[in-house]
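Chains A and B are the protein sequences, given in the same order. Residues 5 to 105, numbered by my numbering, are exactly what the first sequence covers, in order. Residues 105 to 771, numbered by my numbering, are exactly what the second sequence covers, in order.
Each hint should be verified, as a subset may be incorrect.
Unchecked claim - Covered stretches of chain B, going by a simulated chain A footprint (3 or more residues, C-beta under 8 Å):
1) 734-747
2) 750-762
Claimed, not checked - Here are the simulated lysine to any residue pairs, SDA-like style, with alpha carbons at most 25 Å apart:
3) B:K730 / A:L34
4) B:K691 / B:F721
5) B:K511 / B:P409
6) B:K730 / A:A21
7) B:K670 / B:A586
8) B:K730 / B:Q744
9) B:K691 / B:W371
10) B:K134 / B:V594
11) B:K730 / A:E102
In short, the hints are calculated from the structure, not lab data. All C-beta atoms in this analysis are idealised placements derived from N, C-alpha and C, irrespective of residue type, glycine included.
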Amino acid sequence: MTELFPGFLTLSAAMFALGALGVMVRRNPLVVFMSIELMLNAGNLALITYARYTHTMAGQVFALIVIAVAASEVVVGLALITAVYRSGRRLDVDDLSEMRE
Amino acid sequence: MNPTFTLVLSAVVLGLPTAGFLINALTAGKLPRRVITLLGPGVVLGSFVATVILLVELLAQRAAARGSTVVFWHWLNLSVGPAGGAVARSGFNANFTVRIDPLAVLMMLVITGIGGLIHVYSVGYMAEDPGYNRFFAYMNLFITSMLLLVMSDNLIFLIIGWSMVAFASYALIAFWYQRPAAVAAGRKAFVTQVIGDVGLVLGAFLIFLNLRGSNGHLLHTVDLQTIFANVGPGAHFHNGLGPMGGGLVTLIGILLFLGAAAKSAQWPLHTWLPDAMEGPTPVSALIHAATMVTAGVYLIARFHPIYQQAPVAAGIVAAVGIGTALMAAIIGCTQFDIKRVIAYSTMSQIGLMIFAVGVGAYSAGMFQFFTHACFKALLFLAAGNVIHALQDEQDIRSMGGLSTRMKLTFGAFLVGALALSGIPLFAGWFSKEELLSSGLALGPAVPWLWVIGVSVNVLTSFYIFRVVWRAFRGQPATSRAATAHEAQPVMLVPVLLLALLAAVVGFLNIDFFGFHPVTVFSAFLQPVLGTPAARASDGIQALALVIGTVLSGGGLALAWAVYGRKVIAPDLISRRLPWLYQLSLQKFYWDQIYDVTLVRPTLACAAAVREALEPRFFDRLVDGVKEGVTTLADDLRTMQTGFFRDYALIFFVCAVIGLVVLGLRLA
C-alpha cells in the first residue's frame, strides 16, 4: 500500500491542476462547477492519502467536512445557475459581468 | 447458524422497507396507484417473512448459542494498519453490525408483523387521501428506522435509528400538514424526542469515555456486546464503570432513561403522545401503540447490564413507570376523544412495562410489550374503523349504538378491550398478571407498587369499557352514528387478524406441564435478558393473580353499572370530588405547567432581547459594518473587471507564489 502513496499524490496534483485550468479557461458555468468539484476531490484524495500514511483520523474527518462543504456549495451554485437561466440569459460566465466596476 | 444466510436475511429485513421508502419517495407519486398499493405493504410483509425465517433459524440453535452478530460493513476502522506505519492509536471501529438474538427478533417480529397488518389496513384507510404515496413512503421509512434501532449492535447506529424514528414520527404526526393542530403536534413530538436524544447521546458518550476492559485500559468502544461484557464489576479494581463509586453508572442509567422516557411518553416527557393523535389512525396504531413508544422499554431491556449495576437509576425507572401508569389511567377515565382515551391507555400500559424493566423483570416487561402491541394496535384500528364510518368523528359522546351496525368491528374492539383489561384467557391477562406478580419479591416497597399496579388495572378496565358502552351500546347520539356502516374488507381483515392474535398470544407464555405461569416466553428471552433475580413464592403469586383478576373484573363491572345499567350516576365524581375530576380532565395540568414554566419564559426572554438588544446593539453593528464595507468598496472596486477567469487567475497565481515562498522557507 505504502508504495502507492506517491502515485496517489501525483494523481491528486494532476487532478487539481486540471481542475484549476478548467476553472480558468471554460465559459460554461456548469463545466466550471465540475472543475471546482474536481479540485475539491483532488484535495480529498491528498488528505486521505496522508491520513492513511500517518494512521491518523484527522485527514479522513477533514475529507468528510470537505464533502459537506462541496455539497452546500453545489446547492448554492446550482440555484444561482438556475436563477440566471430562468431570467432568460445565456449561460456564459463572460456574459455575467455586471459586477465589474 | 450459517453466517452468510443470516447476513442475507438481515439485509433483506432491513433493505426491503428501505427500498420501499426510496422508491415511493423518489417517484413522488408518479407510480400507478396499484403499484404503490402493492409496494407499501408488500415490502413490510416481505420483511416479516424474512424475520420469521430468522426466528426459525434461531430456534434451531441451542438456547445458549442463540444470538449472532452480523457485520454489514467496516467503518472508521483504526485497528488495522500496514506494518511499519505509524502506531495505531486505538482499536476503535464503528462497524455497521446487527445483532440477531431473541430480543431483537422479538422486536422485529412485532415491527414487521403488526406493522405489515397496519400497512394493509392503511390501504383502505388512506384510500381517498391525496398523499397516498407520501404516506407509504413515511410508513416504510418508519419501519426501516425502527428495525435499525432494534437490530443495531453498535451505539452509533442505534442512535441513528433512534433519531430517524423521531423524524418519521414527526413526519407522520404532521402528515395532514394543512391542519395547524397536526403541525403543532408533530413539532411538539419532535422537540420532546430531541430532549430525549440529548440524554441518550450524553449517556452513550459517558459509556464511550469511561468504560474499562478487564486489564484496566479504557476500551473506547461503541460495540454493544463489548460494552455489556465489560460493564459489570470484574476481578480488576478499575474494571467496567465502577471506579467512580457507582455514581457514574447511575448517571448513565438516568441519562439513558431520559431518552427512553421521551420515546415511551413517560413523565415528565409524556405530553406529546396524546397530541400525536392528530396523525392518521394507522399511524397511531403503528407508532404510538405498537412499536415506537416501546423503544424505551427495549432500550432499558437491552441495556439491562448497566441498570443491574445502577440500582438507584433502576429504582427511578420503576418509580417513574408506575407513577406515569397511574396518572395516565386516571386521565383516561375522563377523556371524550376515543383516540385520546386509547393514547392515555398506551401511556399507562407502557408505564407498567417501564416499571417491569425497572424492577428487573425484563422478560415480563417484554411479554407485556408483545401482547400490548397486538391488542393496542387492534383497539386503534377498530377505533379507526369507527372514525372512518362516522366521517372523522372522534368524540364518544357523538357515537352510541354502533354495535348493531358494525358487528365485526364491535366484536374486535371488545376482544381488544377484554385483553387490555386483563380478563382471564385474553392476552393481556397473562402478561399483566405476570408483570405485577414478578415484581412482588423484589423489595420492601414492592407490595405498595403492586397495589398501585392493580389500581391501574382497575382504572384501565373501567375507562376502556366506558368507551365500549358509550360508543357501541345505547342509542345513537347523532345521525351520523345512526347511519354508520361496516368498514370495507381491506380494513376489516387486519382488524380481525389482530383480534385473533389479541385473543391467543397470551398462551405463548404457558408451560402446559407445570404450574408456573411464566416459562416459554422468558425461556426464549433468557439468553439475552437472564433470569429474574428473585421471585415470590407460588402461593403469593397465585393470591396476587386471583386478587388482580377479580379487581380488573370489578373495573369492568363498575363501567357496566355506570354506563350500561346506569345505576350509578356518571357525574358522581365530578359532583363529589370536583378537584379530582378537573385534575383528570385537564390531564394533571402538565401542558399548562410547561406553558408557564418553559414556553412563556422562553418567549418572554426572546421578546426582551428583541426589544433591548436588537435596535441598540445588533442594528448598529450591522449598520457599522455596512458603512465600513461601502468605504472600503469605493477603494477596491477598480479591481473588478467582471471576468471570472481574471479572479481565478489572480487567486491561483497568489496561491502558487505563497506555496513557493512557504517551500523556500521550509527548505
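How the hints compare with the structure:
1. 734-747: That given contact holds, which follows from 7 residues of the stretch 734-747 of chain B lying within Cβ reach (below 8 Å) of chain A.
2. 750-762: holds (count 3)
3. B:K730 / A:L34: violated (32 Å)
4. B:K691 / B:F721: violated (43 Å)
5. B:K511 / B:P409: Not OK: K511 (chain B) and P409 (chain B) at ~48 Å, beyond 25 Å, violated.
6. B:K730 / A:A21: The given pair, whose Cα atoms are some 37 Å apart, is violated under the 25 Å limit.
7. B:K670 / B:A586: Between K670 (chain B) and A586 (chain B) the Cα gap is close to 22 Å, so the pair holds against 25 Å.
8. B:K730 / B:Q744: holds (19 Å)
9. B:K691 / B:W371: holds (12 Å)
10. B:K134 / B:V594: At roughly 24 Å apart (the allowed maximum being 25 Å), V594 (chain B) and K134 (chain B) satisfy the hint.
11. B:K730 / A:E102: holds (21 Å)
Checked against the numbered hints given earlier, this structure breaks hints 3, 4, 5 and 6; the rest are met.
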